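Colleague: If you want the building blocks of each chain, they are given just below.
2 protein chains.
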Amino acid sequence: MRKGCQPVAWHGDHVVIIDQTRLPGEEVYLKLDDYREVAAAIQELKIRGAPAIGIAGAYAVALGARRIKTAEPGRFRRELQDIIDAIAATRPTARNLFFALERMKKAAMPGHSPADIKQALVDEAVRIHEEEADATHHLSLFGAGLIGDGWTVLTHCNTGPLATSGFGTALGVIIAARDQGKLVKVLATETRPLLQGARLTTWECRQASIPVTLITDSMAGYFMRKREVNAVITGADRIAANGDTANKIGTYTLAVLARENRILFYIAAPTSTIDGSVKTGDAIPIEERNPREVTCIQGVPIAPEGVEAANPAFDVTPHRYITAIITEKGIIGKPFREGIKKQLEGDAR
Amino acid sequence: MRKGCQPVAWHGDHVVIIDQTRLPGEEVYLKLDDYREVAAAIQELKIRGAPAIGIAGAYAVALGARRIKTAEPGRFRRELQDIIDAIAATRPTARNLFFALERMKKAAMPGHSPADIKQALVDEAVRIHEEEADATHHLSLFGAGLIGDGWTVLTHCNTGPLATSGFGTALGVIIAARDQGKLVKVLATETRPLLQGARLTTWECRQASIPVTLITDSMAGYFMRKREVNAVITGADRIAANGDTANKIGTYTLAVLARENRILFYIAAPTSTIDGSVKTGDAIPIEERNPREVTCIQGVPIAPEGVEAANPAFDVTPHRYITAIITEKGIIGKPFREGIKKQLEGDAR
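Respectively, the protein sequence lines represent chains A and B.
FYI, in the numbering used here the residues of the first sequence are 3 to 351.
FYI, in the numbering used here the residues of the second sequence are 3 to 351.
Possibly wrong hints are sitting among the right ones.
Same chains, same label: a pair holds when it works inside one copy or across any pair of copies.
When the alpha-carbon atoms are kept at most 25 angstroms apart in a straight line, the in silico SDA-like pairs for lysine to any residue are as follows [said to hold, decoys possible]: (1) LYS108 x PRO213; (2) LYS336 x ASN263; (3) LYS331 x PRO75; (4) LYS228 x GLU262; (5) LYS187 x PRO112.
These are computed hints drawn from the structure, not numbers from a lab.
All of these numbers come straight from a predicted model, not from anything done at the bench.
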């Protein structure tokens with residue numbers, strides 16, 4: 003990982019996170035030793051990006067378990083479940099959080115002492131972090147092979163090291179392509195309402211010395227129609243069994259524009275983002291956030307006081323718009339249902 | 003016109019404009035008696051909206067002519083041409099500005115004295131203002147017939163009285179539908195970079211007592227796919243002879259999304275927006291504005307210092323995405339080339 007991009011780090015009895023809401027203006031690191039602080043940081047997007055949310059959620063469980071005082075196994079498990087439930091309630095859409103919480107729950111093996119379970123939870127959280135970081139590195143290498151020399155790649159939201167506590171998903175693919183010696187330019191959508199593209203993707207591109215041009219979300223179609231975009235790559239918050247993909251609001255629009263202009267449209271995500279239990283995108287819950295994120299920008303009001311606003315944080319891109327899905331196990335082409343099933347079955351073996 | 007929405011008013015020897023860059027926070031009126039002040043106000047978007055730019059440009063010529071000191075007809079005409087050229091250089095895309103300047107040039111009849119020409123220019127500017135205001139009222143009435151009771155209409159940028167110094171174009175259609183007793187809701191895109199939707203459309207909807215919900219530009223696709231939009235209506239900055247339409251950046255995207263979701267997509271504009279000399283949208287010049295409008299919002303930086311940004315102010319929607327074009331002469335259906343030709347020939351008679 004490149005310097006200055008570590009969104010969450012484990013320090014034995016606490017985590018240190020970089021407050022992503024303050025970037026790029028300020029690099030503020032927060033030391034959190036209470037799971038409720040971590041849960042609040044997830045809810046407030048101080049930690050964000052589906053893979054990073056999963057990792058932070060796992061550490062939050064480990065931190066929460068440390069504070070449970072009872073030595074009585076039944077009560078310990080009930081208190082642990084309450085902690086897991088509280089962390090699960092922070093953000094409903096990103097699959098990676100639930101993937102991590104399910105693994106943490108399994109790691110709290112029945113029949114063991116609370117002390118042993120506490121240690122097992124720390125070990126499992128560190129393992130999830132390592133595996134997820136590895137996964138984003140591998141998927142980036144697979145994805146880099148799809149990127150041509152001299153290409154301009156359009157990406158949405160932020161999907162680099164900050165979003166993953168690893169190499170990155172969509173931006174990881176771009177960085178890996180550049181590492182392979184390809185000249186790649188990035189067109190970064192600002193990603194309203196919370197401007198992760200303007201604030202974080204431009205910052206990470208600069209850190210990786212990749213040329214980047216910032217555009218508003220409304221300009222993506224203009225550049226696609228002018229044939230100035232070779233491929234669109236985004237991350238994912240949850241992928242259904244048929245390939246339908248929930249991702250940051252605006253992704254569906256980019257996918258429609260890409261198909262209309264015959265431009266490649268890739269999703270890059272670790273398999274921990276795939277939810278095999280969800281048949282299609284229609285069943286993915288979409289988080290509705292505070293309308294003030296729309297009516298104010300960086301605290302400055304942009305609309306008359308009291309105006310009603312909507313704020314769905316994600317949308318679903320039907321699989322028919324997606325060229326391929328890039329995971330750490332390889333590239334899934336159409337039909338997605340079979341490819342996804344194979345990759346998930348690989349997990350189960 | 004409803005109170006508080008007059009973007010430009012003639013007062014005999016000066017114009018008073020409302021500074022639209024300060025709305026909705028403050029209602030600041032500016033008294034301008036120098037054509038260079040009016041040109042600067044157009045360039046800085048204190049006056050904006052294609053029809054209002056045309057009207058302000060006409061008054062600017064009248065103000066400029068008043069200041070010409072020479073009584074020598076040849077020199078007077080040369081100085082007048084310099085003034086017209088300076089006003090024409092403010093914004094390259096909106097057809098209405100050139101429409102108004104061509105009319106003003108014709109009004110400066112050869113063979114007349116400078117004094118007579120000065121008066122003729124004032125008269126012509128007032129006439130353009132009145133005719134444009136009438137045109138937006140008539141087109142709004144034609145368009146209202148296309149809107150169903152209980153519909154939710156999505157619109158982009160700002161196209162009400164502020165943009166037209168009249169009734170409005172796209173928003174005029176919505177207001178007229180409501181005046182006909184139809185229940186209409188508006189979904190207003192914020193319209194980055196300069197937030198005319200968030201700042202001005204929500205404000206005008208409130209003044210007209212029309213329920214409005216503000217969304218980011220990236221959310222339009224989400225609501226269209228959910229079937230929560232019955233029609234999309236936007237204004238236009240320049241319409242080519244084949245119906246291709248330049249309008250605020252992001253309009254092309256809305257048109258693609260509308261077609262993908264089988265939603266009606268209308269353009270509403272007076273015939274002064276049609277440029278019969280431009281065969282297709284490819285020949286329409288697209289204004290590229292200062293990248294700081296993208297990297298800063300209301301003066302607050304949203305990206306790392308020095309990040310490169312693009313800022314095309316308009317895009318072109320190919321005519322195949324447009325359901326119909328609404329003008330003051332009626333509704334133009336496909337094929338647009340014939341309908342447009344007929345409406346322009348009506349002018350020439």
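Colleague: Tell me, in ascending order, the numbers of any earlier hints that this structure violates.
Modeller: 1, 3, 5
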